[in-house]
Amino acid sequence: MAVRVQLEDFDVGAELDRLTAGNTRIGGLGVFVGLMRDVAGGEAVRAMTLEHYPGMTEKELGRIDAEANRRWPLAASLIIHRYGRLEPGERIVLVATAAEHREPALAACHFLIDWLKTSAPFWKQEETKSGARWVEARDADDQAAERWRRG
Amino acid sequence: MKLRYFAWLRSKTGVGGEDIALPEGIADVEGLVAWLTARGPGYAEAFRERSAVRVAVNHDYVGFDHPVADVDEVAFFPPVTGG
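Top to bottom, those sequences are chains A and B. Residue numbering for the first sequence follows numbering that gives the first Met the number 0, beginning at 0 and increasing consecutively. Residue numbering for the second sequence follows numbering that gives the first Met the number 0, beginning at 0 and increasing consecutively.
Hints are computed from structural coordinates only; laboratory data are not their basis. Keep in mind the model is a prediction, meaning the values are calculated, not measured. The C-beta atom is built at its ideal place from N, Cα and C for all residues, glycine as well. Hints should not be assumed to be uniformly reliable.
Claimed, not checked - Computed, partial: chain A to chain B, Cβ under 10 Å:
1. GLY54
2. MET55
3. HIS80
4. TYR82
5. ILE91
6. SER118
7. ALA119
8. PRO120
9. TRP122
To be verified - Over 10 Å on every C-beta distance to chain B, these chain A residues come out as not near it, computed from the model:
10. ARG17
11. LEU18
12. ASN22
13. GLY26
Kindly generate the complete structure, drawing on both the sequences and the hints.
Structure (structure tokens):
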């Protein structure tokens with residue numbers, strides 16, 4: 000279980016190697032990498048700046064990571080989320096989950112990215128031709144997170 | 000009490016954070032928001048649409064009925080958009 004919030008990019012291959020190093024019981028990894036797109040709402044986006052709430056962000060990510068580990072038998076898990084200014088094509092977030100078999104690894108990974116999107120205190124501001132604008136939360140993201148809500 | 004504002008709430012209040020002495024008689028988030036709203040047009044604008052404002056006390060999400068004390072850090076922000 001690990002959570003990192005950082006300005007700099009990350010190396011997906013190196014992170015996955017580190018996550019599984021020394022544990023040959025791991026049979027599968029669930030991995031999600033979020034990338035910055037160059038378009039939003041039909042308008043070109045030049046860059047975006049991710050703001051977050053230091054202190055609460057780590058606490059909230061730790062909480063959902065603990066919840067994933069409670070729900071599924073994971074051997075290891077990792078969340079890395081960047082902040083600061085990003086350009087199209089850059090990596091934003093990495094969620095990686097390791098388990099003996101694919102089902103818990105994939106389900107936990109899906110759960111983590113869905114919950115992260117609706118609970119971790121990050122906000123995106125996009126730079127477009129018509130100026131800077133704050134990204135609005137999407138109902139579809141709330142619905143995706145809601146699917147995982149159970150005791 | 001430490002107050003924090005993020006994203007467009009920060010743009011509207013004009014500050015990212017501030018230290019205030021919690022006025023007497025304010026016991027919960029609701030009361031704090033009412034007091035802040037009366038401080039000026041930027042604050043009034045920031046809190047105009049309550050349903051668009053999320054609140055955290057000491058880094059935990061809370062509702063508007065949550066109690067507040069002078070030692071708390073209270074943060075106001077819009078629904079999150081990370082990932």
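Results of checking the hints against the structure:
1. GLY54: 6 Å, holds
2. MET55: 4 Å, holds
3. HIS80: 6 Å, holds
4. TYR82: 9 Å, holds
5. ILE91: 7 Å, holds
6. SER118: 7 Å, holds
7. ALA119: 5 Å, holds
8. PRO120: For PRO120(A), the interface hint holds, since the closest Cβ of chain B sits about 5 Å away, which is under 10 Å.
9. TRP122: With a minimum Cβ separation of about 4 Å from chain B (threshold 10 Å), the hint on TRP122(A) holds.
10. ARG17: ARG17(A) clear of chain B: closest Cβ-Cβ about 22 Å, beyond 10 Å.
11. LEU18: 20 Å, holds
12. ASN22: Holds, since 27 Å exceeds 10 Å.
13. GLY26: 27 Å, holds
Violated hints: none; the structure is consistent with every hint.
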